Amino acid sequence: MKARRDRTGLAALAPFLWLGLFFLFPFLLVAKLSLSDTALAIPPYTPRIYWSAGLAGLKTFFAALDFETYARLTSDRLYIVAYLSSLKFAAISTGILLILGYPLAYAMARCAPAVRQALLMAMILPFWTSFLIRVYALIGILKPEGLLNTALRLVGLGPVNILNTETAIYIGLVYAYLPFMVLPLYAVLERQQHDLLEAAADLGCTPFEAFWRVTFPLSLPGVAAGALLCFIPMVGEFVIPDLLGGSSTLMLGKTIWTEFFANRDWPAASAVAIVLLFTLVVPIVLYQRQQAKLMEAGR
Amino acid sequence: MKRGLTTFNIASLVIGFGFLYLPIVLLVIYSFNASRLVTVWGGFSTKWYASLFRNEQLLDAIWVTFRIGLISATIATVLGTFAAVALVRAGRFKGRTLFSGMIFAPLVMPEVILGLSLLLLFVSLGLPRGFWTVTVSHATVTMCYAAVVIQARLSAFDRQLEEAAQDLGCPPIKAFFAITLPNIAPAVAAAWMLAFTLSLDDLVIASFTSGPGSTTLPMRIYSQVRLGVSPEINAVSTLLIGLVATGVIAVYLFQMRKRREA
Numbered sequence: 001m002k003a004r005r006d007r008t009g010l011a012a013l014a015p016f017l018w019l020g021l022f023f024l025f026p027f028l029l030v031a032k033l034s035l036s037d038t039a040l041a042i043p044p045y046t047p048r049i050y051w052s053a054g055l056a057g058l059k060t061f062f063a064a065l066d067f068e069t070y071a072r073l074t075s076d077r078l079y080i081v082a083y084l085s086s087l088k089f090a091a092i093s094t095g096i097l098l099i100l101g102y103p104l105a106y107a108m109a110r111c112a113p114a115v116r117q118a119l120l121m122a123m124i125l126p127f128w129t130s131f132l133i134r135v136y137a138l139i140g141i142l143k144p145e146g147l148l149n150t151a152l153r154l155v156g157l158g159p160v161n162i163l164n165t166e167t168a169i170y171i172g173l174v175y176a177y178l179p180f181m182v183l184p185l186y187a188v189l190e191r192q193q194h195d196l197l198e199a200a201a202d203l204g205c206t207p208f209e210a211f212w213r214v215t216f217p218l219s220l221p222g223v224a225a226g227a228l229l230c231f232i233p234m235v236g237e238f239v240i241p242d243l244l245g246g247s248s249t250l251m252l253g254k255t256i257w258t259e260f261f262a263n264r265d266w267p268a269a270s271a272v273a274i275v276l277l278f279t280l281v282v283p284i285v286l287y288q289r290q291q292a293k294l295m296e297a298g299r
Numbered sequence: 001m002k003r004g005l006t007t008f009n010i011a012s013l014v015i016g017f018g019f020l021y022l023p024i025v026l027l028v029i030y031s032f033n034a035s036r037l038v039t040v041w042g043g044f045s046t047k048w049y050a051s052l053f054r055n056e057q058l059l060d061a062i063w064v065t066f067r068i069g070l071i072s073a074t075i076a077t078v079l080g081t082f083a084a085v086a087l088v089r090a091g092r093f094k095g096r097t098l099f100s101g102m103i104f105a106p107l108v109m110p111e112v113i114l115g116l117s118l119l120l121l122f123v124s125l126g127l128p129r130g131f132w133t134v135t136v137s138h139a140t141v142t143m144c145y146a147a148v149v150i151q152a153r154l155s156a157f158d159r160q161l162e163e164a165a166q167d168l169g170c171p172p173i174k175a176f177f178a179i180t181l182p183n184i185a186p187a188v189a190a191a192w193m194l195a196f197t198l199s200l201d202d203l204v205i206a207s208f209t210s211g212p213g214s215t216t217l218p219m220r221i222y223s224q225v226r227l228g229v230s231p232e233i234n235a236v237s238t239l240l241i242g243l244v245a246t247g248v249i250a251v252y253l254f255q256m257r258k259r260r261e262a
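Here the protein sequences come in this chain order: U and L.
Using my numbering, the first residue of the first sequence is number 1, and each one after it goes up by one.
Using my numbering, the first residue of the second sequence is number 1, and each one after it goes up by one.
These are calculated hints, taken from the structure and not from any lab test.
You may find that some hints are simply not true.
Each pair of labels, with its calculated beta carbon distance range [claimed, not checked]:
1) L/Pro128 - U/Leu220: 47 to 57 Å
2) U/Pro44 - L/Ala178: 53 to 63 Å
3) L/Leu161 - U/Val81: 39 to 49 Å
4) L/Gly43 - U/Glu145: 52 to 62 Å
5) L/Gly43 - U/Glu209: 26 to 36 Å
6) L/Asp167 - U/Pro43: 36 to 46 Å
7) L/Phe53 - U/Gly158: 36 to 46 Å
8) U/Lys88 - L/Gly43: 58 to 68 Å
9) U/Leu157 - L/Val40: 11 to 21 Å
10) L/Gly43 - U/Phe25: 35 to 45 Å
11) U/Glu145 - L/Asn55: 21 to 31 Å
12) L/Gly213 - U/Pro44: 19 to 29 Å
13) U/Ala114 - L/Phe53: 18 to 28 Å
Partial chain L-side listing against chain U, Cβ under 8 Å, derived [said to hold, decoys possible]:
14) Leu13
15) Pro110
16) Val123
Keep in mind the model is a prediction, meaning the values are calculated, not measured.
The beta-carbon is built from N, C-alpha and C at its ideal position, and this holds for glycine as well.
Here chain U stands alone, though its shape is the one from the complex (with noise of 0.2 Å):
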């Protein structure tokens, strides 16, 4: 018994090389970059490691490398206006997102059976669905000549200029993640017992009371599971606040795109990048934990 247990390990030999090689070790080259310096060159950055030189030619790279970048992003206030906005947007967009979501889930975990499978299905569909396509749906409704101005027309109000703007950001922040917060929230409100509620009835809870003291301290593993899914990949999202948002709004994810294809900036973007990665390894740690302790209570 003990020995098949650990030749399973190697199941894992595959991936963990597959993982390492394109998942870890090119952090090490994102946080490697964001020292260096930018230069005129293909690909665009100085110092590099010349392999011919030897220990000498790693000892004059490690020289030259310095924290320049990072004085460089502190002292720009784009840089500073683009972090916090970002965290504004994840943050307000994870509480917009919960208002919204929990009566949602909670009103399918109350459905039927045969309803709620079919509910569950349509709340999965949109995850299937091209994220761009969703957000590019959204630009034919919000923009000044679009479907939304065309029906306020219809009942005589004035055209509202929303395309471009912050609101166009939280509503398509909220709209592309919706599912990603309901699917968590429903998971937990389904399973939980009939029985506990009823129990809380006849010992004299109202229906709200039972839902606040009962329902909904149990179902909190939900409510951290969908606010991390939506607030760690929101801080970075780039599509949204570029298509929605114009210009002249600044989110980190857009900010490394814009160094890294527009400005060819490559020692800023990692940079930046680290700095992202910096903000979320906490918010990332405890997803991961999170979810490891639910699969290990599945087992």
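Place chain L on chain U using the hints.
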């Protein structure tokens, strides 16, 4: 949970699903609009679909995207199955925490970070960017999704069947292929489909890791969307949504029927 819906429950469902589906429904409807203007309904027409099939650039992009999806999803599913087996079956092994960290982190990691880091890897290895760099990148990210999907099914699978086979003298590897794999096959298939659609939909990672001649469909769509809304994009989006929805709904109905038979 208590059955019977309150008005508040029904309102939540209507608002939630309405919000989720209205934009997609409108996008599909307007792909059949004869007028080029998004807000003016100029009558029913399929001309944008016709012009789609004459657009060489778009067709090229679709072909590249499908090939990348097929290959990367297959790599991801094989690696993801191994990873799931290790996560569920291996108990404590050296580096387990790191391993499960590497499986779960890419699920929430912002795509720009993944794209940038993979690109730097390819540059430092001196690999020319193109078809294969995108394929490898997609396989890396989607294998984590595949692992999670398969892991869920595997941990629900009754291990005694496999142990019984081994007690009867079946070698562990053979027992896995003869008994466990057929049992988790629906999850393996679902994992492949998920990996395939994620690859099909990805814009950010592909933008970082692709090179000349390997522009994917989302990259094409993105560059056109930046120029404004066009009915042709509505048409290609409708086809993509239709394809994915058909696949997902077919799998769902198939599973429902099997469950009823069981």
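Status of each hint after checking the structure:
1. L/Pro128 - U/Leu220: 47 to 57 Å: Holds, since proline 128 of chain L and leucine 220 of chain U (Cβ atoms, about 50 Å apart) stay within the stated range.
2. U/Pro44 - L/Ala178: 53 to 63 Å: For proline 44 of chain U and alanine 178 of chain L the Cβ distance comes to about 55 Å; the hint holds.
3. L/Leu161 - U/Val81: 39 to 49 Å: Taking Cβ atoms as reference, leucine 161 of chain L and valine 81 of chain U lie about 59 Å apart, which means the hint is violated.
4. L/Gly43 - U/Glu145: 52 to 62 Å: For glutamate 145 of chain U against glycine 43 of chain L, whose Cβ atoms are near 19 Å apart, the range 52 to 62 Å is violated.
5. L/Gly43 - U/Glu209: 26 to 36 Å: 57 Å, violated
6. L/Asp167 - U/Pro43: 36 to 46 Å: 58 Å, violated
7. L/Phe53 - U/Gly158: 36 to 46 Å: 42 Å, holds
8. U/Lys88 - L/Gly43: 58 to 68 Å: The hint (58 to 68 Å, Cβ to Cβ) is violated, given that lysine 88 of chain U and glycine 43 of chain L are roughly 45 Å apart.
9. U/Leu157 - L/Val40: 11 to 21 Å: The hint (11 to 21 Å, Cβ to Cβ) holds, given that leucine 157 of chain U and valine 40 of chain L are roughly 20 Å apart.
10. L/Gly43 - U/Phe25: 35 to 45 Å: Violated - the Cβ-Cβ distance for glycine 43 of chain L and phenylalanine 25 of chain U, about 57 Å, lies outside 35 to 45 Å.
11. U/Glu145 - L/Asn55: 21 to 31 Å: Holds, at about 25 Å.
12. L/Gly213 - U/Pro44: 19 to 29 Å: Given range 19 to 29 Å: holds, Cβ gap about 22 Å.
13. U/Ala114 - L/Phe53: 18 to 28 Å: 40 Å, violated
14. Leu13: 5 Å, holds
15. Pro110: 2 Å, holds
16. Val123: Holds - the Cβ of valine 123 of chain L comes within 8 Å of chain U, reaching about 5 Å at its closest.
Hint compliance for this structure: hints 3, 4, 5, 6, 8, 10 and 13 are not met, and every other hint is.
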